[in-house]
Amino acid sequence: MAATRSMRVTVGTATAEYTMLDDFAPKTAEALWESLPITGRVTHARWAGSAVFTKTPNQPVAAVSDVELPVTSIYPGTLVVRPGRGVAELFFSYGVAESRGATGRSYATPVAEAVGATEEFFTALAGTWSGGSTDVTIERVDG
Amino acid sequence: MRQIEIQVGDVVATATLRTDAAPELTARLWDALPIEVPLVHAIRSGNCAEATCAELVDPDQKVESQVSFFYPGMVAYRPATGELTFAYGQGQARSETGTHWVSYVGQVDGSGDDIFTAWEATRSVGVSTVAIRRKEGA
Amino acid sequence: MTNRRVVVECDGVRAEMELLDDNAPKAAAAVWDMLPITDDAFAAKWSGDAAVIHPGPGAVQDVTELENPVTSIYPGAVVMRPRGSEILFGHGVGEYRWGVGVDYVVRIGKFVTNVTEMLAVLRKTETEGPRRLTMSRPA
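Chains as they are written, first to last, in the numbering used here: chain G, 1 to 143; chain F, 1001 to 1138; chain X, 2001 to 2139.
Next up, chain G with everything else stripped away, as it sits in the complex (with noise of 0.2 angstroms):
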């Protein structure tokens, strides 16, 4: 069995280690463990939501096009991965949580999910609906 893989993803002060999920979708989890590290800011869902979400346009996870395994759902402590333009979304729920937009459901991806003691982490993600977007990094555990 591969050894499992696991990303730091800090959240203004907060941090939470998560899991990669290689065997849910190979080809979308390693493109974002090719993309790391990850700095940019989050800001709280406006329709997926008990979530927050980041842009990246770092390669090759930007110029996935494919939902390797379609999900609407994103479990709490998920990470997933949603194709757009140019970018990558990507979306932590801290709770309940599906990828949406205007026009109602879309889906996207699970790659990675919290392990370990997270609730510090959540109450992180959360404070960004009141306390407004912050920074975030995601980057990989042991080099």
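Bear in mind the hints are in silico, worked out from the structure with no lab data behind them. A quick note: this is a predicted structure, and the numbers were derived from the prediction, not measured. Think of the CB as a built atom: it goes at the ideal place given N, C-alpha and C, for glycine as much as any other residue. Please note: incorrect hints may appear among the correct ones.
Said to hold, decoys possible - Cβ-Cβ distance ranges computed for the label pairs, FRET-style:
#1 G:E120 x F:L1033: 38 to 44 angstroms
#2 F:H1100 x X:S2085: 24 to 30 angstroms
#3 X:T2134 x F:W1101: 42 to 48 angstroms
#4 F:L1033 x G:D142: 54 to 60 angstroms
#5 G:A3 x X:G2012: 37 to 43 angstroms
#6 G:Y107 x F:H1100: 21 to 27 angstroms
Keeping the supplied structure of chain G fixed, place chains F and X upon it in accordance with the hints.
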């Protein structure tokens, strides 16, 4: 004609209440004014900001002039939760499991560009405050 | 607090499912209360890559709430329809649907041991027909 003023920060906009289309809910809103409550961005309903006022809660009140979709400048009122929605773009009244109906109670007068910017800003800067009062002379 | 485990056996394969008490306390408690549950697991006809069982009469019928509702059924996820008419086990691309379209269910569990083997067995329901499935409390 009843008009209200909606203020966020230094920006003030006037909106006309749709008293013919939603007589009971516009009256309820009018009677509750002035109010000043937190304003946050929607998390499921799209391009709009939302505020909740306890005085506006009435689970038994019928939704007059019911709409699901929002368009720029709409002010909507959901009596079951006392929630007011201020749309600066396209949106829809949505919940965890689908869509619902709200009452279309008012419309911003004029272009609304400045107040739209203020409503939209809640997305990036977080919670703000909205003050709603009766327009003098209205 | 560590979530409780439920043993799932199907076609000679044994796996453990973590019961998501935090996510769906009422549904999880009702399922636990009804164990053991045995039924034929057959391929879903609306919901894609999922195997379905019907738990039968019991505590799950009193669970009417949608606790943290979802439509998608991830691989390895176990979901239940309110009022417990059916439990689905995801093994690929799944979305809860029925005759009139997409609908919402409650996530009650996820497989945490022997996942690959269990999903392979569940997948067989699509091509080889129903399989006897048992959910039970660990010994």
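Evaluation of the provided hints:
1. G:E120 x F:L1033: 38 to 44 angstroms: holds (40 angstroms)
2. F:H1100 x X:S2085: 24 to 30 angstroms: At roughly 25 angstroms between Cβ atoms, S2085 of chain X and H1100 of chain F fall inside 24 to 30 angstroms, so the hint holds.
3. X:T2134 x F:W1101: 42 to 48 angstroms: holds (45 angstroms)
4. F:L1033 x G:D142: 54 to 60 angstroms: Hint holds: Cβ distance 59 angstroms, inside 54 to 60 angstroms.
5. G:A3 x X:G2012: 37 to 43 angstroms: violated (29 angstroms)
6. G:Y107 x F:H1100: 21 to 27 angstroms: Since Y107 of chain G and H1100 of chain F have Cβ atoms about 23 angstroms apart, the given range 21 to 27 angstroms holds.
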